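Colleague: Chains as they are written, first to last, in our numbering: chain A, 1 to 252; chain B, 1 to 106.
Everything labelled a hint here was simulated from the structure, so no lab data went into it. Any given hint could be a false lead.
[Claimed, not checked] Simulated restraints on C-beta separations: (1) Ser23/A <-> Ala16/B: 24 to 32 Å; (2) Arg58/A <-> Leu79/B: 34 to 42 Å; (3) Ala16/B <-> Pro157/A: 49 to 57 Å; (4) Glu72/B <-> His63/A: 25 to 33 Å.
[As the list claims (entries may be wrong)] Partner residues aside, some chain B positions facing chain A, computed with beta carbon under 7 Å: (5) Asp29; (6) Pro30; (7) Ser32; (8) Ser51; (9) Pro54; (10) Arg56; (11) Gly59; (12) Val60; (13) Gly63; (14) Lys64; (15) Leu66; (16) Gly67.
Just so you know, these numbers come straight off a predicted model, no measurement behind them. For every residue, glycine included, the Cβ atom is placed at its ideal position computed from N, Cα and C.
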Amino acid sequence: MIIDVNVFTGHWPFQPLVGDLASVRGSLRAVGVERLCVSPLDAAWCRNPHLANAALYRESASHEDVWPVPVLDPTVPTWRAELARAIEVPRVRLVRLLPAYSPYGLSQAEELFRALRDAGLGVLVQTRLEDPRSQHPLAPVPDLAASEIAAVAGQYPGLTVIIGGARTAEIRPLGEPLRGLPNLFADVSQADGFDAVRLLAEDGLAEKLLFGSHAPFFLPHAALARVVADLPASEAAAILGGNAERILGPVG
Amino acid sequence: MAHLNGAGLRGIEEIASAPNVFVDTSGGDPQSGIVEAAVAALGPARVLYGSDAPIRHFGVSVGKILGADLPEAVKRDLLWNNAARLLPAWAGVGAANDQRVPTHAS
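Chain A extracted, bound-state conformation (with noise of 0.2 Å):
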């Protein structure tokens, strides 16, 4: 059983994505993919982010195996309403925040943060979209800090809190918060190298990690490559899907 916990569907103005949810999903599926977490990717460079949730309920309402995760901003004076618009959204489980291209910083968010707390949802906050390196000369963004993220896991015990996108450099030196805060979790979308999750697993990592496939930026057969090659059968089961159905819930 494999959940994609960083799937987005939607358009990117600096490349020529293929990123309808039919594809997408189809993209993924093909490779074993039985639950998308999906976010819209309209959303990231749009100065209010929660317009492009719509779609994605609507596109997403008939297809069991998509779990909506919309976009939410703190700083849009109507998150509150927005966010109880995602509380009623079937299959809803899950937030994703876009800092970095608001932009704002966490210590903003601390409403939000307690808010989904008391509705049970979790928050997956995305370190970046793009490597830096290759994106738009006129509209670099930088990435957000992963420890800044599993800092809100230590403030906010009862909410779950995924760090989206971290590079594998960012993730092990988290190795202590993430193995001590048992609500603290890492996707691997991004977590690329010689050996990449083979190394966080020998961390002890191996319960913290989720499988994410950035797509449809990246390709879903390189994703899924990172996770189960290197690794026993036990762990690559934990990462690919086991992690993410004890915190999400069940599949199906």
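Fit chain B to the given chain A structure using the hints.
Modeller: What follows is chain B alone, placed relative to chain A:
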């Protein structure tokens, strides 16, 4: 030209008119569509598999080609045949299994 991802969608076009310049598929993340873009701009004979090891994961590097929206024959060219045609006989790579691709030297 090493590192397709480093060259990017513009860099591919920089070498389009130079038939003796090849690009390898390594470097950067497993970006969707970029291998297809290179093949479309340069033709399937001028794109070569590269892993970027030990920086990148072999599975991810191979996955960039296996997951690309390309015919199986083109994937075989990228993963083996194109390099086999370029490397000298003493490298012991073995021959490509189809016609030799013209290069500037042939």
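Colleague: State for each hint whether it applies.
Modeller: Quick rundown of the hints versus the structure:
Evaluation of the 24 to 32 Å hint for Ser23/A and Ala16/B yields a pass: the beta carbon distance comes to about 27 Å. At about 41 Å, the CB distance of Arg58/A to Leu79/B agrees with the hint of 34 to 42 Å. Range check, Ala16/B to Pro157/A: about 56 Å between beta-carbon atoms, so the 49 to 57 Å window is met. Between Glu72/B and His63/A the CB atoms are about 29 Å apart, so this pair conforms to the stated range of 25 to 33 Å.
A least Cβ separation of about 6 Å between Asp29/B and chain A falls short of the 7 Å threshold, and the interface hint therefore holds. Interface hint status for Pro30/B: upheld, as the beta-carbon distance to the closest one in chain A is roughly 3 Å, under 7 Å. Taking 7 Å as the C-beta cut-off, the interface hint given for Ser32/B holds, the closest approach to chain A being about 5 Å. A cut of 7 Å between beta carbons decides the hint on Ser51/B: the least distance to chain A is about 9 Å, and the hint is violated.
Taking 7 Å as the C-beta cut-off, the interface hint given for Pro54/B holds, the closest approach to chain A being about 4 Å. Annotation: Arg56/B was flagged as interfacial toward chain A, and the flag holds, the nearest CB pair being 6 Å apart, inside 7 Å. Interface hint status for Gly59/B: upheld, as the beta-carbon distance to the closest one in chain A is roughly 3 Å, under 7 Å. For Val60/B, the interface hint holds, since its Cβ comes within 7 Å of a Cβ in chain A; the closest pair sits about 4 Å apart.
Among the interface hints, the one on Gly63/B holds; its C-beta lies about 3 Å from the nearest C-beta in chain A, closer than the 7 Å criterion. Restraint check, Lys64/B versus chain A: the minimum CB separation of about 6 Å is within 7 Å; hint holds. The beta carbon of Leu66/B comes within 5 Å of a beta carbon in chain A, closer than 7 Å, and the hint placing it at the interface holds. Because the beta carbon of Gly67/B sits about 3 Å from the nearest beta carbon in chain A, less than 7 Å, this interface hint is met.
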